[in-house]
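Enquirer: Take a look at the letters that make up each chain.
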Amino acid sequence: MTAQTAILLTMIIPLVVAALVAILGRVASANVRDTVMVVVAASLFPVVMTLWPEVTAGGRPELIWVEMFPGLPIAFKVEPLGLVFGMVASFLWPVTALYGIGYMRGHHEKHQTRFFFYFSAAISAAMGIAWSGNLMTLFAFYEALTLSTYPLVAHHQDEASLKAGRVYLGILLFTSVAFLLSAIVWTGSVAGTLDFRDGGILSGHVHGWHVPVLLGLFAYGIGKAALMPFHRWLPNAMVAPTPVSALLHAVAVVKAGVFSVMKVVVYVFGLDLLSSTSASVWLMYVAAFTILTASLIAMTKDNLKERLAYSTISQLSYIVLGAAMATKAGFVGGSMHIAMHAFGKITLFFVAGAIYVHTHKKYVSQLDGLGRKMPLTFLAFGIGTLSIIGLPPTGGMWSKWFLALGALQAEQPLLVAVFMISSLLNVAYLLPIMARAFFLPPSEETAALPDKDAPWATLVPPLISAVGCIVLFFWADALRSLLVPVVGV
Amino acid sequence: MNLLDHFNYYVVITLMMVGFYIIMARNNLVKKVIGLNIFQAAVILMYVTMGRVHDGTAPILADGPDVVYSNPLPQVLMLTAIVVGVATTALGLALVVRIQENYGTIEEDEIRALEDAS
Amino acid sequence: MSAETATDFSAHLPALAVMVPLMTAPLVVIFRNSKVAFGLSLAAAWSVFGMILKTLMLTLEHGGWVYELGGWKAPIGIVYNVDTVAAFVMLIVSGIGALVLSYAPMSVAREIPENRQTLFYSAFLLAMTGLLGMTITGDAFNVFVFLEISSLASYTLVAMGSSRNGFTAAYRYLIMGAIGGTFILIGIGLMYMMTGTLNMADLAERLPEVAHTRTIMASFAFVIVGAGLKLALWPMHTWLPNAYTYAPSVASAFISATGTKVMVYVMLRFVFGIYGTEFAFTELSLGLPFAVLGLGGIYAASTAAIFQTNFKRLLAYSSVGQIGYIVLGMSLATVGGLAAAILHLFNHAIMKAGLFMAAGHINHQVGSVRLADLEGIGRKMPITMGLIAIGGAGLIGVPLTVGFVSKWVLISALAEQDLWWVVGLALASSLLAVAYIWRFVEVAWIREPAPALEHVTEVPFWLWGPTAVMMTLSIVFGVWGAGTTEVAMEAARILLGVAA
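Protein chains in written order, with our numbering: chain E, 1 to 489; chain X, 1 to 118; chain Y, 1 to 500.
FYI, nobody ran anything at the bench for these hints, they're computed from the structure.
Certain hints may be false.
Unchecked claim - Derived lysine to aspartate or glutamate pairs resembling DMTMM-like cross-links, with alpha carbons at most 25 Å apart: (1) Lys31(X) - Glu108(X); (2) Lys163(E) - Glu442(Y); (3) Lys163(E) - Glu375(Y); (4) Lys163(E) - Glu448(Y); (5) Lys110(E) - Glu375(Y); (6) Lys110(E) - Glu454(Y); (7) Lys328(E) - Asp195(E); (8) Lys328(E) - Asp198(E); (9) Lys110(E) - Glu458(Y); (10) Lys163(E) - Asp373(Y); (11) Lys110(E) - Glu448(Y); (12) Lys54(Y) - Glu68(Y); (13) Lys54(Y) - Glu67(E); (14) Lys110(E) - Glu442(Y).
Claimed, not checked - Where chain X lies over chain Y, by a calculated footprint (3+ residues, C-beta under 8 Å): (15) 152-159; (16) 175-181; (17) 341-351; (18) 360-367.
Said to hold, decoys possible - Cβ-Cβ distance ranges computed for the label pairs, FRET-style: (19) Glu278(Y) - Gln409(E): 51 to 61 Å; (20) Val484(E) - Ile475(Y): 32 to 42 Å; (21) Val476(Y) - Ala117(X): 44 to 54 Å; (22) Val476(Y) - Leu449(E): 54 to 64 Å; (23) Asn71(X) - Glu278(Y): 24 to 34 Å; (24) His111(E) - Thr309(Y): 25 to 35 Å.
For each residue, glycine too, the CB sits at the ideal point set by N, CA and C.
Extracted from the complex, chain E is given alone in its bound form (with noise of 0.2 Å):
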C-alpha cells in the first residue's frame, strides 16, 4: 500500500463505516450493526501506522486531492505532529465506539444508529485534519467536524442539550468565521502561500504588531482548542452521552483544536518568528491564566463529568502553552501530552460513564467506598489519574517533563511555577475521587449494590486506555524522535 492510498483510506474507512452503519442501522439487528462497526473501525490503526516508518525515515508523503480555488488545493501531507494525532485518534475510536455500544445500550439510548453515524463521520474529519497540508484543507475539516459532532451534543433532544448546542455551534462557528478564517485570509494576502512548511511561511511576511494580533486571531480562532474567555462551549456540551463527551474531550474535537494550533505556531509562525520577536508572551500567559483558573473551578464542581471538562481545559493549555513557548522542548512536551492527555482523560471520561450507567451516580460526592464495589474500575480511573497528574510510570509524566524545560529554555521561570502549581491542583481535584472510592466507608445506597463490576464493555475500554497510559510511559522515546525532526535537531 503506497502512503497515497493509505492516506485516502485512513479518511474514507471511517465514511464507510458512517455508511454501513447508516444502512445495516436499517437492515440488521444492533449487534450485526455493533460488530460490523468496531471490527471495521479497528482497521483504521493499522492503516495509520503503515505511514509511521515513511515519516520516522523523514519521509513526507504528500496527496494532492482537487483544487479548490486556483493555486489552492485540498492536499494532505502527513507530517510528524499529524502522525500522532492521526495515531491517537485512531487507536481511540475503536476502543471508544465498543465502550459507547456498552454505554448506550446499558442506558437505554434513542436513535442509536444516528448516534454512531455522526461519531464515525467525525473521525473522518478528524483525519482530515490530522493529515492537512495547507490552512485551507485544515478550515474545511475543521468545520466539517464541528457541525458532525453537533448532533452528538444535541442527542438527548431535550431543552438542556438543545441550548448546550446551541452554546457549542454559536461559540465554535464564531470564533472559527470571525477569528481563523480571517487570520488565513491575512496570512494568505501577506505570505502568498497556504502550505504548512517547516520554518513557517510567515517569517519575514509580517513585523510588529502583527505578529501577536495574527497569533491571537489563530489561538482564539481555533475556539476548539478552548482557550479562555472562550471555553464555555465544553462544559457545556456534557449534556451529551459519555461516549460523546469522550470523544469530544479526549479524541477528536479538543484535540484537534490544539494540534491545529500547533501545527499553525510550528508551520505557519515558526518558532524562530515566535521567539525572535516575543510575539507570544502573551499567549503563554493566557494559557498559564486558563490552566490555573480551569483547576480552580475544576475543584469546586460536584459533578465528575464537569470536573473532567474544566480539568480538559486546563489540561489544553499545556500544549497551547508548549506552543507559545516557542521552544524545542515546548514543542515536543505540546505535542506529546495531546497522546499522553488523550489517553488519561479518556480513561476518566469511560469511568465515570461507566459508574452512571452502572449504579446512576454521577456526582462525585455518591462515590464513597464504591472503589470496593466496583474495583478494576477504579483501577483504570487511578492509573488515568496519575498520567494526568504526571507521575511515573504513565505517559503523562514525559510531557509535564518537556514541557517545563521548555519553559526553562524559553526563561521563564514563572511557568514552571505554573506547572507545579498545577500538578498540585491536579492532585487536589483528582486524587480525593479515588480516596473516597477506596477509603471512606460506602454510603447505604452503595452498600446495597452487588458487589459486581461494570458490565464489560464498558470496563474493558478504560482499561485498554489505562494499559495504554503505561504503554506510552516506555514508549516516550519513540514519540520524542519522531518529533524533534520537525524543529531541527
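Position chains X and Y against the provided structure of chain E, taking the given hints into account.
Expert: Same frame as chain E, now just chains X and Y:
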C-alpha cells in the same frame, strides 16, 4: 435658450409624476394600474417627441433631395413598448379580477387586513 | 471565432437557445395536455442547456463573437454579444431551468389545477426565453423587451400558486416590476438621446464624450434604480418575499435562482460594459453606496429571515441577504470583487434553487411550509432534510460547499483592498445565516414529530432526484471551486476590460 423649447419634457415629467403619484398613493388596485398606464404613457411620449427633428417631416419616402425626416426609430421602439404596456395592464387587471373574487375587495388596506388576519 | 465564421453552425447556437423556448411556449399551449406540455418543455430546456454548454466551451476556447440576427450588421440590426460572461450566466439559467423542470411534474400536479398546467409550462418557457435573451443581447432596447417578456411570465408564474395570497403577491410584483422596467426604459431613452445608438458596443464607445452631461447622469440613475428594483437590491426588495413565498414551488425555485441573478448581470453589463468603471466608480463614486446597500441588505434581510415563520419566506429573505453579498462584490469594481459577484450568482443560484425545490418536497407531502407545521419533519423525510442541510450549510458558507467558495473569493477581494472592517462585517454576517438555518434545523430535527405528520413519508425519487443533483453540484463546485473561480475571474476581466 427658450424655455418653451423643452415644452415636451415638461409634459412628460408632469405626466410621469402624476402616474407615479397614483401608483404610490392610491389604495384602489385598478387605479394603481391606471397610474401605471399614465406613467408608461409619459415615457412613450418622451421617446416619440425626442425623435422629432426640427422642421422634419414624417419619415415616409418623399421626392426631393432636401427633405428632412424625423427619426422613425423611437416610434418603432414605442410600438414594442406599447405592446408591453398593454400586456402589463391586461395582466394587472386580470390579477385584480382574481383578487376581487378571492378577497371580495380591491382596496389595498382591506386586503392587507384580511391577509394579516389569516 | 469571429463574425466571418458565422456560417459555421455552432455560431448560431446562442440565437437558437433563445428561439427554442420561445417557439416551444405557444406549441405547449396548443396541445392542451399537461403531459405533452411537460415533455416538450423538458426537451426544449435540456436542448437549450446543451447548446449553451457548447457555446461556453467555444467562448472559453476561442473567445467571444458577435452574432448578427438575420445577417443585419449593427447598428441597423440587432446583435448578440456572445462572450464568456454571457455564456456563463446563460448556463446558470438554462441549467437551473432544465433541472427544475425535470422535477416539475409531480410538484405541479399537486399545486396547480389540471386545466392550467399547460399554461404554467408555457409561462415557464417564456420566462426562460426572456432571461436568456436579456443576457445575450447586445442591444440596449432589446434588453428591455426581453426583460418584460421574462417579467410578465414571472408575474404569471407567481399568480399560479395555490393560495390566494399569490394573487396579491403577483400584483405587487407586477407594479414594482413595471416601475423598474419603465425606469430602465427611461434610462435607455436618455442614452439614445445623447448618442443616437442602442447598440451596447457603440454606446460604450460614444458615451465618454457626453458623459458629463446631466442627461447621461440622469440615465445612469434611472438604470441603477430600475435594475436595483428588479434585482431586489435592499431596500427595494419588498416585492420579493411574498412573491417567492406564494409562488408554486417550481416557480419559486426557478425565479429565485435566475430572475434576480440575470438582473444583476444586466446591471453589470450596463455599469461596467456601457457606462464604464471610470464613470460609475470614479466620477459618480458608486462604490460606497453599493457597499452600504450591500452590507445593509445582508444584515437587515438576514436578520429578518431569522424571525420568519414560513420556510419559503425565510429562504426569500435569505435571498435578499445573499444579493447583498453580490452587490458588495460589485461595489469594489476590481477583478476580485466582480469575480466574487459573478461566482456568487452561480453558487447562490444552485443553493437557492435546491432549497426551494426541497421546500417543494415538504409542500408536496405536508401541504404547508409553515415552521409550526413542520415540527419533527426531519425523521419523516430524512432525504429531503439531508438535502436542506447541505443547502443550508452552503448559505452559511461551510467549507466544501459552494457558499464557502464565494465567501472566500469575496473576502480575499476585500482583503486585497485592505478593507479589513468590511471583511469583519462580511464574516460576522454568516452567523446570521447560522441563526436562520438553525431555526429550521431545530424545528425539523429536534422537536418530536407533530401528530399531524404521522403519515408523512419521504417524497418519491422523481422529486428528490433532481434536488439531489442540485445539491451534489453544490458540493462538487464547493470542493472543486478552482474551475468556477477561473471562469468568474475571466468574466470579471472581460467586464473590466483588463488583460489576464
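Enquirer: Among the hints numbered above, which are violated by the structure, and what are their numbers in rising order?
Expert: 17 and 18
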